[in-house]
Amino acid sequence: MEPLIQLNAIAAPLRLANVNTDQLFPARFIKKPRAVGYAQYLFHDIRRTDAGNINTDFSLNQRKFETAKILFAGANFGSGSSREGAVYALYDSGFRAVFAPSFGEIFAANCLKNGVLTARLEQETILSIQEGLDHAQPPQVSVNVDQESITLPSGEVVDFDLDPFQKRCLMNGLNEIDLSLEFNDAITAFEDNHRKTFPWTML
Amino acid sequence: MPSTLFDKIWSTHVVTDRGNESLLYVDRVLLQENSFHAFDKIRREGRTIRNPKQAFGFSDHYVPTRNRELGVEGIQDPEIRNMVQLITSDTATYGIELFGLGHDYQGILHVVGPEFGITQPGLVIAGADSHTSTHGALGAYAFGIGSSEVAHVLATQTLWRSKPKTLRVTISGQRKAGVSSKDLILFLIKTIGSGGAVGYAIEYYGDTIDELSVEARMTVCNMSIEAGARAGLVAPDKKAFDYMQGRPIAPNGPLWDQALSYWRTLKTEPGSVFDREVRIEAKEIVPQVTWGTNPEMVTDVTGCIPDPDMEQDPERKGRMMRALEYMGLNANQLIQSIQLDRVFIGSCTNSRIEDLRVAAQVMKGQTCRIPTMIVPGSEQVKRTAESEGLDEIFRLAGAEWLAPGCSMCVGINGDMLESGERAASTSNRNFEGRQGQGGRTHLVSPAMAAAASITGRFENISSYEEARSWSL
Ligand code: SF4
Numbered sequence: 062m063e064p065l066i067q068l069n070a071i072a073a074p075l076r077l078a079n080v081n082t083d084q085l086f087p088a089r090f091i092k093k094p095r096a097v098g099y100a101q102y103l104f105h106d107i108r109r110t111d112a113g114n115i116n117t118d119f120s121l122n123q124r125k126f127e128t129a130k131i132l133f134a135g136a137n138f139g140s141g142s143s144r145e146g147a148v149y150a151l152y153d154s155g156f157r158a159v160f161a162p163s164f165g166e167i168f169a170a171n172c173l174k175n176g177v178l179t180a181r182l183e184q185e186t187i188l189s190i191q192e193g194l195d196h197a198q199p200p201q202v203s204v205n206v207d208q209e210s211i212t213l214p215s216g217e218v219v220d221f222d223l224d225p226f227q228k229r230c231l232m233n234g235l236n237e238i239d240l241s242l243e244f245n246d247a248i249t250a251f252e253d254n255h256r257k258t259f260p261w262t263m264l
Numbered sequence: 260m261p262s263t264l265f266d267k268i269w270s271t272h273v274v275t276d277r278g279n280e281s282l283l284y285v286d287r288v289l290l291q292e293n294s295f296h297a298f299d300k301i302r303r304e305g306r307t308i309r310n311p312k313q314a315f316g317f318s319d320h321y322v323p324t325r326n327r328e329l330g331v332e333g334i335q336d337p338e339i340r341n342m343v344q345l346i347t348s349d350t351a352t353y354g355i356e357l358f359g360l361g362h363d364y365q366g367i368l369h370v371v372g373p374e375f376g377i378t379q380p381g382l383v384i385a386g387a388d389s390h391t392s393t394h395g396a397l398g399a400y401a402f403g404i405g406s407s408e409v410a411h412v413l414a415t416q417t418l419w420r421s422k423p424k425t426l427r428v429t430i431s432g433q434r435k436a437g438v439s440s441k442d443l444i445l446f447l448i449k450t451i452g453s454g455g456a457v458g459y460a461i462e463y464y465g466d467t468i469d470e471l472s473v474e475a476r477m478t479v480c481n482m483s484i485e486a487g488a489r490a491g492l493v494a495p496d497k498k499a500f501d502y503m504q505g506r507p508i509a510p511n512g513p514l515w516d517q518a519l520s521y522w523r524t525l526k527t528e529p530g531s532v533f534d535r536e537v538r539i540e541a542k543e544i545v546p547q548v549t550w551g552t553n554p555e556m557v558t559d560v561t562g563c564i565p566d567p568d569m570e571q572d573p574e575r576k577g578r579m580m581r582a583l584e585y586m587g588l589n590a591n592q593l594i595q596s597i598q599l600d601r602v603f604i605g606s607c608t609n610s611r612i613e614d615l616r617v618a619a620q621v622m623k624g625q626t627c628r629i630p631t632m633i634v635p636g637s638e639q640v641k642r643t644a645e646s647e648g649l650d651e652i653f654r655l656a657g658a659e660w661l662a663p664g665c666s667m668c669v670g671i672n673g674d675m676l677e678s679g680e681r682a683a684s685t686s687n688r689n690f691e692g693r694q695g696q697g698g699r700t701h702l703v704s705p706a707m708a709a710a711a712s713i714t715g716r717f718e719n720i721s722s723y724e725e726a727r728s729w730s731l
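Chains Y and F are the protein sequences, given in the same order.
Letter by letter, the first sequence follows residues 62 to 264 in this note's numbering.
Letter by letter, the second sequence follows residues 260 to 731 in this note's numbering.
Hints may be right or wrong, so weigh each one.
To be verified - FRET-style restraints, in silico, Cβ to Cβ:
id : chain 1 : residue 1 : chain 2 : residue 2 : range
1  : Y       : E217      : F       : R523      : 55 to 65 Å
2  : F       : E725      : Y       : T258      : 47 to 57 Å
3  : F       : E584      : Y       : P94       : 32 to 42 Å
4  : F       : N341      : Y       : Q101      : 16 to 26 Å
5  : F       : P630      : Y       : A112      : 18 to 28 Å
6  : F       : D568      : Y       : D224      : 35 to 45 Å
7  : Y       : T128      : F       : N341      : 26 to 36 Å
8  : Y       : G98       : F       : E724      : 54 to 64 Å
9  : F       : T561      : Y       : G216      : 50 to 60 Å
10 : Y       : G98       : F       : T450      : 37 to 47 Å
11 : Y       : G98       : F       : S270      : 37 to 47 Å
12 : Y       : S189      : F       : P507      : 49 to 59 Å
13 : F       : D572      : Y       : P94       : 39 to 49 Å
14 : Y       : D224      : F       : E647      : 49 to 59 Å
No wet-lab data here; the hints were simulated from the structure.
Note that the Cβ used here is the ideal one computed from N, Cα and C, for glycine as well.
The task is simple: from the sequences and hints, build the whole structure.
In structure tokens:
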């Protein structure tokens, strides 16, 4: 996994609450192998009008946000299913950080596994940042993972909180399975004990 | 300090701690066709699977509901066929049991897990699907995970978890006739919102829950995820133990006695403290119907579509307007005036035998006015229904009686709504495009869906004379 330490990139506002994984990545694309590149499926249906044309009201369709790697989104972002394709679609589109008032839990966990930062900001803060991005030329933002801070186009700095483990994983690009396998002995000891206490559960 | 059911399961599964996270031992991991990403990761990183016997594979999301006798070869769409083949070959490679096409217990993972005895009280169960919360109805801590975490469990039999906060939902009192477990959970989602339980594990409590059958409790736990919670639990009681007995891989002989005496300890002790409490009076609930594109957009069958102009919050107002536009509905329109095009009875929320029995009671001797698909949750459900003659009732009414799988709940096997089509559906998500691009979904209980099939509209089934005798 690619370490994420500092990110200087275009940021885009996404003014929708409860954006769910079906919107991020419609179910009919799940059967596509990752090798085809999932960027083409990100927000596939909401990017388009009912007639199938590109919806220019949708922020990510606007030229100034086209190359965005950072998203400032509405509450409960990524709610819905456990499909990790939603994260692959974001990642393959270049996104490395999403800020929102709250996240679907499975989605946030999936982001971490793929080196995508998710962090919560107050609703008010998000709204004012989104407003700022609309007016900024370019809407360039800098995210410092170590400092847990965001420098906005106006020069203003906003802090966010990261769980220490989440931070370590992101900054070092760690593969979690390798980390966990360091506890292999502890897992084996646990299993032995579990087998004695709850013999019917071990198959 | 007195401990909760959840605490007891948690504390018996902690391998080690790291900051505010624990490495949790996972007793069972459930896989489905979409788990191919997890197997890819295992292969790419050259890992082995720690305990293949504690993993179970299911062919459910992509399997066809028609022409099943043709097997995998009969699947026309090469991409869909490929998905069914992938889970077959991946599970075979790693020695994982697969409930695939042709298996006596093939079906939706959340229906088959309990049926086969994979789900047991006190276990930690992780599933490659968000509705894994369903299994909590038997007193397990069960939750959905993404592909990377599936790979993590396969390789280590563990997962890192920070302990969720606990929310106790107490539902008490007598339900009105025709009010089912589906209505209870929809009402809860309306009450706390679709993000209302984010960060919590829900424990369901109260005499209304006690009174529910184990299957009805599964419906409640199933949709806990639509309230934002990853897990929902009901403390196991005599009904749960009776349900467990004789399941193919449930403990038996002396192990049964040992398991049972442990399971009896799995309850929340009096005086336990929850992080949050929500109380609901069952008598306030009437049959529910969703009108929008999020499960929290739900109202009484006797009510009307809310008016966005009455909404103060501009953000919510915008969402309501967008939802009404998508759904092709107007503010203040009566729910009972909505004309439906189709009915879908199925999904891991409502495709168990009790669901089908109620649907059959409603449809018996009647004629479907609109196309109606009935998709049992598993081969076992299908077989039981057929032995009871339910399939005959459905066929005589003009409904389609199909083979088990997820089907139109998510539409990825090809069973889909056409754009603009409006369905009454017993599934769990009414998101835009969920049942097919442009499709319009109204979530309801099986009895409501069956009644809608007969008249083409939503009926207040509480007023049906026979509703009193339904066990929902
Ligand atoms: S029935 Fe629907 S919700 Fe349940 S597992 Fe299948 S697709 Fe998911």
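Against which earlier hints does the structure fall short, listed by number upward?
none
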